[in-house]
Amino acid sequence: MSQRRALKHRIERSSAASVRSWERPSARMARKMKSDAVLHMGWGRLLFAHTFDHQRDIATILQDEKPGERDVAFYVRDPHVILSMAPQELFLDPSHTYRIWLNQYRAGRDRPKGILIRRIQTRADIEGINRIYAARQMVLADEEYLWSHRRSRVLLYIVAEDTDSGEIVGVSAGVDHHLFFHDPESGSSLWSLAVDAQAPKPGVGEALVRYLAEHYHALGRAYMDLSVMHNNAEAVRLYEKIGFKRVPVFCMKHKNPINEPLFVSPAPDEKMNPYADIIIREARRRGIAVDVLDKENAYFTLSYGGRSIICRESLTELTSAITMSWCDNKQVTLRLLSNHGLKIPDQMTVHEDDERKAFLKKHRRVVVKPVRGEQGQGISVDVTTLEELDKAIRRAKQYCDTVIIEKMVKGTDLRIIVIGYKVVAAAVRKPPEIVGTGQHTIKELIGKLSRRRSAATGGESRIPMDDETKRSVAAAGYDMDDVLPADKTLTVRKTANLHTGGTIHDVTDDLHPELKKAAEKAARALNIPVVGLDFLVPKVDGPEYVVIEANERPGLANHEPQPTAECFIDLLFPQSRLRKIKA
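Mind the numbering: the sequence shown is residues 4 to 586 in the numbering used here, read in order.
Simulated from the structure, these hints should not be mistaken for lab results.
A few of these clues could be false.
Computed list of lysine-lysine pairs in PhoX-like fashion (alpha-carbon distance at most 20 Å, straight line) [unchecked claim]: (1) Lys-346 / Lys-524; (2) Lys-451 / Lys-473; (3) Lys-410 / Lys-497; (4) Lys-346 / Lys-410; (5) Lys-116 / Lys-451; (6) Lys-433 / Lys-542; (7) Lys-274 / Lys-298; (8) Lys-446 / Lys-491; (9) Lys-497 / Lys-394; (10) Lys-497 / Lys-400; (11) Lys-524 / Lys-413; (12) Lys-520 / Lys-542; (13) Lys-346 / Lys-394; (14) Lys-69 / Lys-116; (15) Lys-394 / Lys-360; (16) Lys-451 / Lys-400.
These figures come from a predicted structure and were not determined experimentally.
Let the hints inform the model, and build the full structure from the sequences given.
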């Protein structure tokens, strides 16, 4: 028999047997399997429940879960029996299992260009993996464990690298059941798929899944299984597109703080936007009572130890009305900061035509913005002609009657979060970019990126199809209906605001001491305990800067891995701070 025919025969034979993977294996099959198979994945243990002879052993192992980890029992045959053994500690995971028969797998026609799928090669790869896990609120992997197992044949961690930037933009892990516990069905499984929500190139998740499917198909494995949350519609669409079908396989987990949202019903009206949710989750974790006052506008009260504070996301009663009025007016903000010796860009209020013409002639490139407003509304960046200037002014006046023109300062858009007059996080904000496929129009690519950003931020980040987006596209020489050439990168908005599709990248550890000093000085100048300060800087690790704005209600989400919510609750309720016990 030829090698190809032998491989096909082995796959077909394994496929026929594998329907029993969620049933009790035959005595003949059980004799071939390793008993009580448990594999550490880096973030917790994976229990192959169908290899256990005694259900109580599964319950016992799950109850011995280590703090900070997440164990998963997979292929659980009788979940109701195991639950009865420890109903206060275990729960049935609300996930679905999907399977693809690898002898029926069909390779995709188009692979994303500029994306390299490969195994872990450096420690920087592992840091990139944990950066993505942190942003997705997933359990971080033990970096030393992943490094020591980077050449494992049983546990295969792969990453997606953006070849243009060198950044890790996706990760997944595969387990070879045949090599690990001598699986007579010759199966495999996929775990921990995560994609950087800010990756500009589409198709990263699909490329990771296909890489593992093709890897295990080449090894002669019969199928590949995966577990996905029941309400993750975006992921389910991807898996079904590739050819996965749902199968009756269950998972069980241990009740812990990490898994709490999966087994505890949310408090009534608790679910709000991500900026309120991150604070509420941290408050509840410390036993602080939460009373939602207005869900739509994210007002809530936190109460602890006889003290109650009303919040609107990160804005609290600790910020005075005077301070809030200062921050509400961009011109007043910069004037106050300048009076305290901080550097600001040159600006003017729009009055006479001659004045704005002279200002544009002097600086050549300007920014137009309404004096009042938030979330990047009404702002036009890199205005260079009188015609563009007049359009930008009219657009800004839709949001506020008073409009300012500001010298455009080249540099990196830097957001610094100050809580309790101390810098707790810093992040570079980048405007949204699309990458051409050679097949999709610019409008289609913007729509795809906008949907990914919206899904990753709870609907908070979208790219509006407005005049500013069209202007940015036109300035690059394109029309919205043009097909963007393959691998061509196009910035579709000049502003880097998160709400209009911008991305955010943590640089706290790289922040120059002068920038940190300037941010803390600005917070004290405005007398504001919680503030997001917007800087333009030539380099994050350099001392030069200008301050362009102060936000009295900064979003604390999307600053992973910095503990912004923890620092916020520490400020409000210092007595709730979790103290570490010295050994």
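Quick rundown of the hints versus the structure:
The suggested pairing of Lys-346 with Lys-524 holds, with an alpha-carbon distance near 12 Å, which does not exceed 20 Å. Straight-line distance between C-alpha atoms of Lys-451 and Lys-473 comes to about 16 Å, which keeps the hinted pair within the 20 Å bound. Between Lys-410 and Lys-497, the direct Cα distance comes to roughly 15 Å. Compliance with the 20 Å bound is thereby established for this hinted pair. Of the supplied pair hints, the one linking Lys-346 and Lys-410 holds, its CA atoms being roughly 13 Å apart against a limit of 20 Å.
Distance check on the hinted pair: Lys-116 and Lys-451 sit about 16 Å apart at the alpha-carbon level, within 20 Å; holds. Of the pairs offered as hints, the one joining Lys-433 and Lys-542 holds, with about 14 Å between alpha carbons and a cut-off of 20 Å not exceeded. For the suggested pair Lys-274 and Lys-298, the alpha carbons sit about 8 Å apart, so the restraint of at most 20 Å is met. Pair hint Lys-446 plus Lys-491 holds up; C-alpha atoms about 14 Å apart against a cutoff of 20 Å.
A hinted pair counts as satisfied when its Cα atoms are at most 20 Å apart, and Lys-497 with Lys-394 qualifies at roughly 16 Å. Restraint check for Lys-497 and Lys-400: satisfied, since their Cα atoms lie roughly 19 Å apart, inside the 20 Å limit. Straight-line distance between C-alpha atoms of Lys-524 and Lys-413 comes to about 23 Å, which puts the hinted pair past the 20 Å bound. With a CA separation close to 16 Å, the supplied pair Lys-520 and Lys-542 stays within the 20 Å bound.
With a C-alpha separation of about 29 Å, the suggested pair Lys-346 and Lys-394 falls outside the 20 Å cut-off, and the hint is violated. Distance restraint check for Lys-69 and Lys-116: the Cα-Cα separation of roughly 41 Å exceeds the 20 Å cut-off, and the hinted pair is therefore not satisfied. For the proposed pair Lys-394 and Lys-360, the alpha carbon gap of about 14 Å is at most 20 Å, so the pair holds. At most 20 Å may separate the alpha-carbon atoms for a hinted pair to count; Lys-451 and Lys-400 exceed this at roughly 30 Å.
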